[in-house]
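Q: Next come the chains, spelled out residue by residue.
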Amino acid sequence: MAPGEKIKAKIKKNLPVTGPQAPTIKELMRWYCLNTNTHGCRRIVVSRGRLRRLLWIGFTLTAVALILWQCALLVFSFYTVSVSIKVHFRKLDFPAVTICNINPYKYSAVRHLLADLEQETREALKSLYGFPESRKRRDAESWSSVLEGMQPRFSHRIPLLIFDQYEKGKARDFFTGRKRKVDGRIIHKASNVMHIESKQVVGFQLCSNDTSDCATYTFSSGINAIQEWYKLHYMNIMAQVPLEKKINMSYSAEELLVTCFFDGVSCDARNFTLFHHPMHGNCYTFNNRENETILSTSMGGSEYGLQVILYINEEEYNPFLVSSTGAKVIIHRQDEYPFVEDVGTEIETAMVTSIGMHLTESFKLSEPYSQCTEDGSDVPIRNIYNAAYSLQICLHSCFQTKMVEKCGCAQYGQPLPPKANYCNYQQHPNWMYCYYQLHRAFVQEELGCQSVCKEACSFKEWTLTTSLAQWPSVVSEKWLLPVLTWDQGRQINKKLNKTDLAKLLIFYKDLNQRSIMESPANSIEMLLSNFGGQLGLWMSCSVVCVIEIIEVFFIDFFSIIARRQWQKAKEWWARKQAPPCPEAPHSPQGQDNPALDIDNDLPTFNSALHLPPALGTQVPGTPPPKYNTLRLERAFSNQLTDTQMLDEL
Amino acid sequence: VGMARGNLTWVPGVMGEGTQGPELSLDPDPCSPQSTPGLMKGNTLEEQDPRPLQPTPGLMEGTKLEEQDASPPQPTPGLTKGDKREEQGLGPEPAAPQQPTAEEEALIEFHRSYRELFEFFCNNTTIHGAIRLVCSQHNRMKTAFWAVLWLCTFGMMYWQFGLLFGEYFSYPVSLNINLNSDKLVFPAVTICTLNPYRYPEIKEELEELDRITQQTLFDLYKYDSSPTLVAGSRGRRDLRSTLPHPLQRLRVPRQARSAASSVRDNNPQVDWKDWKIGFQLNYSHFHHPMYGNCYTFNDKNNSNLWMSSMPGVNNGLSLMLRTEQNDFIPLLSTVTGARVMVHGQDEPAFMDDGGFNLRPGVETSISMRKEALDRLGGDYGDCTKNGSDVPVKNLYPSKYTQQVCIHSCFQENMIKECGCAYIFYPRPQNVEYCDYRKHSSWGYCYYKLQADFSSDHLGCFTKCRKPCSVTSYQLSAGYSRWPSVTSQEWVFEMLSRQNNYTINNKRNGVAKVNIFFKELNYKTNSESPSVTMVTLLSNLGSQWSLWFGSSVLSVVEMAELIFDLLVITFLMLLRRFRSQYWSPGRGDRGAQEVASTQASSPPSHFCPHPTPLYLSQLGPAPSPALTAPPPAYATLGPCPSPGGSAGASSSAYPLGGP
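Keeping their order, the protein sequence lines are chains S and G.
Each residue of the first sequence is one higher than the one before, starting from 1 at the first, in my numbering.
Each residue of the second sequence is one higher than the one before, starting from 1001 at the first, in my numbering.
By construction, these hints were calculated from the structure, which means they are not laboratory data.
Check each hint, because a few of them may be wrong.
Unchecked claim - Below 20 Å or equal to it, Euclidean Cα-Cα: the simulated EDC-like pairs (lysine to aspartate or glutamate) are: (1) G:K1523 / G:E1432; (2) G:K1523 / S:E367; (3) G:K1523 / S:E551; (4) G:K1466 / G:D1389; (5) S:K26 / S:E551; (6) S:K454 / G:E1371; (7) G:K1438 / G:E1417; (8) S:K460 / G:E1371; (9) S:K231 / G:E1489; (10) G:K1183 / S:E341; (11) S:K126 / G:E1493; (12) S:K454 / S:D335; (13) S:K91 / S:D510.
Remember, it's a predicted structure, so these values are computed and weren't measured experimentally.
Work out the full structure, taking the sequences as your base and the hints as a guide.
A: Here it is in structure tokens:
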């Protein structure tokens, strides 16, 4: 019995029963399933019947799959935002108000620059439409006599042409009357035009240097053709005029603003800051940041807003550049650039225009919630405006930068990038063609500006409600106009007319400010608690369970495999070294005690104890366990060296 | 003897535990002594126990039934194997050479008794509170305490569940505001002349009407408050509004005010400058009975829609309109100018509902801002995706909008009530427009219907649901005098020369309109469900874990328990039924057979018992099994051995004996 005792002691001492040290993977799984707190696993082991087990395996796997799926959904919907809309009632900052005259420069001041252009335009009108000289004829003649003898510069460079509708490719240069061959495309889609009266369209041709590649722009209305043609040359001329001179040629603040009244307090031209716009001349911004504090209104209603009377000197209007009379007003944030042409609201003369505002603030969350930018620093476009980032600024900057790259000069309507000049014909003879090409590419999103520019994350917008009324009324006109004339006596020496004036009221309709704020809908705590909910719902699992799974399924699993491989290798080595011992045959059938009938595996506590039912007749014939000790020691010679020593002793 | 039996029958249930030896040794102590007072079900089960257990035929039937259930036919040893499997479960190695492997176990095996089932369930369930309630049988106080606690948590949990489900099934939505900046599709723009026909051309048709109207006016002036004349005038006013319609339909094609126009085709996509409406560029044309000829630019028939990639006046639509009013019908058209409306490509232009009047002699700059609204349909809100589920037939050749639906609904009712179609709305086929000559009283009918419609007696407002996605354009306008004093000279000259007509009243004869996008950012208000299924499940799981600590798999366990209970009940009923009716004599014989079967066929009888023996020996002292295999074999061996050893049968005999 002594050897039996020894085996027992050894097994007890050295052989792990189950658990992480389990000898086989199956054992490990069983151990895990029985001991884990995760629901479902235990049932796989304890339930009886194959179908039952299969079902439980299925249930457990389904639960695991559901957990994974739901958690994936939770993770993917992590970056969602919730929007809250708040309405505050408080004292509101008054926005910056920029006011421009539609006409950029006083015509009398700028006329000497534009004289030949005007001359040619009139001639074009005459030859094109048989225009009779008007009552201003003498005036025009006096001007043309001054410039007599000069070659028509502008028409030579880019002549206005008449295109015959049915005779494409031939164009008549109306200045000389000779026919010119026109190559290239005629961008005119009005081929199915129904009008019968005129079969001729007017346009101009833009060619690149070698004149082989030309783009023809046609206008079926002479008005548009002339205006566009005039504008083109006008920009060319004005691009060469220095800024100071241009500012002097435009309207001064005292001229433009006749009266000013803000929040019940009188104000004057000193409250306005100058802002020069290339196409609109001098603009004046009220309540800009440069004035020490941002003004605010404490009450809603037209009485408490800005009230100005503007002097729109209609007689000084450029007849070909602008065809409408009035002023433009832009309401914007203090650090925002006023895009006069995009967002400006026109004001009519001899009218009072009331603009009621309603403020809405929006705050968006930037990355990773949305693709907006806080201050434009992460947009690879250099901001050429001296103003806060906005999408418009980005687009315009992008276009202007591309223009400088491709054409070598900057477009007149937008600010200058560093180290660039405005385009003019003297230096860049074919910039116009380049510009039109580029503009078309821009519109068709070939320049990539639209994809690069992102919108800003926070912005304020003022919703405007405009209403009009006749002003001044017939009865008030009698005293109002003389008083205003007297007021303006220093600047202008003429009697004010009703159509020279416009009144503008800008006010908050109410002091309710609407803020639309985005906030993250999910936080990490929420995500974790949702994870916990999912784990608990399906399997009553926890993070510890997950760690357990990792431990069992990865670490122990592979350690068992490694151990088995190691043992196999070792046994193979041992078999190779020494011939099999005759005393201990390798065939397991020879063993009477199947508990020790282990092929290459460690006996476990279970298997050791698992005494199979032997045949009743064979009970007494249990062989002495000596073989087993031998074999066992062999198998575990590395682990059991000390015991072996003892044994031998 | 009863106690002994109780002990023994209880043990097989524990067998399932297998490795959890220490727990087993603890459990029997509280359980076995209190079995009589504590476990009511256990007692009742115990009463039933002897019947199936003791008589061997009964047990045999059980196995037979099992065979019927399970596909692999098992011989009598099958049951023993089934029992054995638990043992085998403990030790992975095939213990006995003569034993079939665990793979041959039955497809589904059932517990033989309720008690066994309950013990199994008690020991293996994962419901935290329940296991304490059922299995902690120390004293009644504790049981009662656990029952109360269990009920409390159960109540709390279901209360919370109710709240959660209530929240979910109220289908709350949360608002999302997105700001997009894209290239925008320019909307369709419709411009109407505000005068249906040129007066000189329609004068003959209107002569009588005009005469009557003038007469009426004259009469009204003369006899101010004469009731008869007022009535007469009202009748004539009705006449006035209806007479034009047959004429109008004849004259539509000739009314296009054709004149030369100009288009500036600088940018092929946007920026069309155009003088006068009559220009046949890319517009479609329809006739409005009140607003005259209407021209829609950039509508859905347009092959390539205009896109705006830049905001601002220079990148929009610019039109110069002739608004001369010398040929306006004096008594009908009292307004001069034009009417412009901005709408989506596939929406009809309801000039009445949304429009902008343009003043002559003024340049009107209309800046647009796009706004889109997406509602969640289905359970989350009452809206319709495309109007196909609205019980109103769409009479317009356009997509569904609420306005379209309401008009169609009104027209439907008009046709039903009055028998003819209202002139301002499109008519279905086979129905003609109302006409005094054919439908003499349609005016009265119409006004009655109109009253019903306004008070929603017709149900149009409830029938017509909101569309799920709406695109709207917010317009704001600025005005400036056009043309300016300095430029008007050449502008007028040019216009009149180019288009070969004279503008008599210069400033009142022309108007200019610019329509452009103020900014390319557009706001999208969309809804999203604020409680999704995932969050609902997460919340349910959190509550469940908090109060109960069980999971969905625990519920499956419960379901399994109930299923097992049903099956066992069924089996037992069947067995009782058989023992009573099938062979009444067998009941006695079965009892007598006990002895004989013990000798003849022990496996069927012994199956449940050997294992407890095996384990009871194993649990406390596993050492003998190792140290002295031969005696262990003596105790363990008998069960599977077909021959049946005397020792085993003798050990089992007292169990089955009574």
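Q: Against each hint, give a clear statement of whether it holds in the structure.
A: Now for the hints, and whether the structure bears them out:
Between K1523 (chain G) and E1432 (chain G), the direct Cα distance comes to roughly 43 Å. Violation of the 20 Å bound is thereby established for this hinted pair. Distance hint between K1523 (chain G) and E367 (chain S) is fulfilled; the C-alpha atoms sit about 19 Å from each other, no more than 20 Å. Taken as a hint, the K1523 (chain G) and E551 (chain S) pair is broken in the structure, with Cα atoms around 51 Å apart against an allowance of 20 Å. For the suggested pair K1466 (chain G) and D1389 (chain G), the alpha carbons sit about 12 Å apart, so the restraint of at most 20 Å is met.
A hinted pair counts as satisfied when its Cα atoms are at most 20 Å apart, and K26 (chain S) with E551 (chain S) qualifies at roughly 16 Å. With a C-alpha separation of about 19 Å, the suggested pair K454 (chain S) and E1371 (chain G) falls inside the 20 Å cut-off, and the hint holds. As the CA atoms of K1438 (chain G) and E1417 (chain G) are separated by approximately 15 Å, the hinted pair is consistent with the 20 Å bound. The hinted pair formed by K460 (chain S) and E1371 (chain G) meets the criterion: a straight-line CA distance of about 16 Å does not exceed 20 Å.
For the hint linking K231 (chain S) to E1489 (chain G), the alpha-carbon distance of about 18 Å falls within 20 Å, and the restraint holds. A C-alpha spacing of about 18 Å is found between K1183 (chain G) and E341 (chain S), which places the hinted pair at or below 20 Å, so the restraint holds. Distance hint between K126 (chain S) and E1493 (chain G) is fulfilled; the C-alpha atoms sit about 11 Å from each other, no more than 20 Å. Distance check on the hinted pair: K454 (chain S) and D335 (chain S) sit about 18 Å apart at the alpha-carbon level, within 20 Å; holds.
At roughly 10 Å between alpha-carbon atoms, K91 (chain S) and D510 (chain S) fall within 20 Å of each other, so this suggested pair holds.
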